[in-house]
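Number of protein chains: 2
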Amino acid sequence: MKGRKGKKRRKEQKGLSRYEIRLGGSGGQGIITAARIFAEAVSEHTRKFVCQSQSYGPEARGGASKAEIVISEEPIDYPKATKPDLLLAMNQAACDTYFSDLKSEGILVVDSSLVDQVPTSRSIGIPFTEIARKEVGKELVANMVALGALTCLTKAVSPKGVEKILLAKVPKGTVEMNRKAFRAGISAVKKLGDLDLPKPEEVEEEL
Amino acid sequence: MKGRKGKKRRKEQKGLSRYEIRLGGSGGQGIITAARIFAEAVSEHTRKFVCQSQSYGPEARGGASKAEIVISEEPIDYPKATKPDLLLAMNQAACDTYFSDLKSEGILVVDSSLVDQVPTSRSIGIPFTEIARKEVGKELVANMVALGALTCLTKAVSPKGVEKILLAKVPKGTVEMNRKAFRAGISAVKKLGDLDLPKPEEVEEEL
Chain A
871 MKGRKGKKRR KEQKGLSRYE IRLGGSGGQG IITAARIFAE AVSEHTRKFV
921 CQSQSYGPEA RGGASKAEIV ISEEPIDYPK ATKPDLLLAM NQAACDTYFS
971 DLKSEGILVV DSSLVDQVPT SRSIGIPFTE IARKEVGKEL VANMVALGAL
1021 TCLTKAVSPK GVEKILLAKV PKGTVEMNRK AFRAGISAVK KLGDLDLPKP
1071 EEVEEEL
Chain B
871 MKGRKGKKRR KEQKGLSRYE IRLGGSGGQG IITAARIFAE AVSEHTRKFV
921 CQSQSYGPEA RGGASKAEIV ISEEPIDYPK ATKPDLLLAM NQAACDTYFS
971 DLKSEGILVV DSSLVDQVPT SRSIGIPFTE IARKEVGKEL VANMVALGAL
1021 TCLTKAVSPK GVEKILLAKV PKGTVEMNRK AFRAGISAVK KLGDLDLPKP
1071 EEVEEEL
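Protein sequence lines correspond, in order, to chains A and B.
Counting from 1, position 1 in the first sequence corresponds to residue 871 in this note's numbering; the numbering is continuous, with no gaps.
Counting from 1, position 34 in the second sequence corresponds to residue 904 in this note's numbering; the numbering is continuous, with no gaps.
Honestly, the hints are just simulated from the structure, not real lab data.
Just so it is clear, the structure is predicted and the values come from calculations on it, not from any experiment.
A couple of the hints might just be wrong.
Below, computed lysine-lysine pairings styled on DSS-like, alpha-carbon distance capped at 27 Å [stated by the list, open to error]:
hint, chain 1, residue 1, chain 2, residue 2
1, A, LYS973, A, LYS1060
2, B, LYS1004, A, LYS1042
3, B, LYS1042, A, LYS1039
4, B, LYS1042, A, LYS1050
5, A, LYS1042, B, LYS1042
6, A, LYS1039, B, LYS973
7, B, LYS1061, A, LYS1008
8, B, LYS1061, A, LYS1039
9, A, LYS1050, A, LYS1008
10, A, LYS1039, B, LYS1060
11, A, LYS1050, B, LYS1060
12, A, LYS1042, B, LYS1050
13, B, LYS1004, A, LYS1039
14, A, LYS953, A, LYS973
15, B, LYS1008, A, LYS1034
16, B, LYS1034, A, LYS1042
17, B, LYS1039, A, LYS1034
18, B, LYS1034, A, LYS1039
19, B, LYS1039, A, LYS1008
20, A, LYS1042, B, LYS1060
21, A, LYS1004, A, LYS1034
22, B, LYS1039, A, LYS1004
23, B, LYS1042, B, LYS1004
24, B, LYS1050, A, LYS1008
25, B, LYS1034, B, LYS1061
26, B, LYS1042, A, LYS1034
27, B, LYS1060, B, LYS1025
28, A, LYS1008, A, LYS953
29, B, LYS1050, B, LYS1039
30, A, LYS1042, B, LYS1008
31, B, LYS1050, A, LYS1004
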């Protein structure tokens, strides 16, 4: 009995061993770039395994597109997010299309500037596009606002770690704009107060 | 019998129904960017399904990194390239690490500026890095030279289709440099003459 209890506690401390994220939006919203930066940051700054992927089908043209990230403490055999723990929907089409795949206890995050009809009360609405426009002056960086929120909500990797990768990836001349957007996303989540969310293992140590 | 023959002919005309590509190199060589552009071009300009992914492990740091593309006429369930039809190795470490996964009749393409020891005679050597340095003046765009070669070797999508995506993705101010590198990669393959390679379905029609 002692052994089992010990195991249980260890499991609790470790958090979830596999964590699936799906970002959904339309083609021009930069969700793949956000997913790639996030995945590289987790890889670079934690000891976890990460797989990042996107699928394109002929039917995707003009419709909802998606990018996925799977984080695990073990090597990842199946890299698709079949039952996301977190779905971030950047528009109504993505919310409608992908909501049914979300794990029952999963978190839905929507861009409340663009998603009016939210299919669950267990959701977090943040106006990514509006924040990008009002605080940075460019709707284009709504993806970086979303990246900031994603970082803050999942706690899979530190904001500092993500920002480092972000600044190395974006074109010169857009660094300040992207940093500002990213930080605005973090602030927006902090303003929501204490959320009790399932999340991947806490960041123990930055590498 | 007539039916079976007809089916066989159709299969030959259609080419391979699933085609796996792996690009291997080191972190800074831009293989993920090349893979992403290629995948988006196939998606945008053909009727095929595409999945593009990258896996990162704690062990990947500083070593060989990879990006994968799976192209299929049908929806893709398993998005990893377990037995690549084409492996493009941008350095010796990638060649050494990934060669054993290559399908027995698969094609190995190496950056001959950086890979000295090639494990098979069934390989194509193109000096991507040297071409980038000599013809464009920037080693940084070796990935775009490789993208040109990949496009020309696989014939999965037209060079024009890939170039269109490429020009939309790269930062302003680097468009000419990237275009030049991409075209240099195409020329390098054309100079090799007629290669009898297995390839995905020919491009029938640009969309």
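Hint by hint, here is what the structure shows:
| no. | hint | in the structure |
| --- | --- | --- |
| 1 | LYS973/A to LYS1060/A | 24 Å, holds |
| 2 | LYS1004/B to LYS1042/A | 25 Å, holds |
| 3 | LYS1042/B to LYS1039/A | 14 Å, holds |
| 4 | LYS1042/B to LYS1050/A | 21 Å, holds |
| 5 | LYS1042/A to LYS1042/B | 10 Å, holds |
| 6 | LYS1039/A to LYS973/B | 33 Å, violated |
| 7 | LYS1061/B to LYS1008/A | 45 Å, violated |
| 8 | LYS1061/B to LYS1039/A | 34 Å, violated |
| 9 | LYS1050/A to LYS1008/A | 11 Å, holds |
| 10 | LYS1039/A to LYS1060/B | 33 Å, violated |
| 11 | LYS1050/A to LYS1060/B | 46 Å, violated |
| 12 | LYS1042/A to LYS1050/B | 21 Å, holds |
| 13 | LYS1004/B to LYS1039/A | 25 Å, holds |
| 14 | LYS953/A to LYS973/A | 5 Å, holds |
| 15 | LYS1008/B to LYS1034/A | 25 Å, holds |
| 16 | LYS1034/B to LYS1042/A | 22 Å, holds |
| 17 | LYS1039/B to LYS1034/A | 21 Å, holds |
| 18 | LYS1034/B to LYS1039/A | 21 Å, holds |
| 19 | LYS1039/B to LYS1008/A | 18 Å, holds |
| 20 | LYS1042/A to LYS1060/B | 34 Å, violated |
| 21 | LYS1004/A to LYS1034/A | 24 Å, holds |
| 22 | LYS1039/B to LYS1004/A | 25 Å, holds |
| 23 | LYS1042/B to LYS1004/B | 22 Å, holds |
| 24 | LYS1050/B to LYS1008/A | 31 Å, violated |
| 25 | LYS1034/B to LYS1061/B | 23 Å, holds |
| 26 | LYS1042/B to LYS1034/A | 22 Å, holds |
| 27 | LYS1060/B to LYS1025/B | 12 Å, holds |
| 28 | LYS1008/A to LYS953/A | 33 Å, violated |
| 29 | LYS1050/B to LYS1039/B | 15 Å, holds |
| 30 | LYS1042/A to LYS1008/B | 17 Å, holds |
| 31 | LYS1050/B to LYS1004/A | 38 Å, violated |
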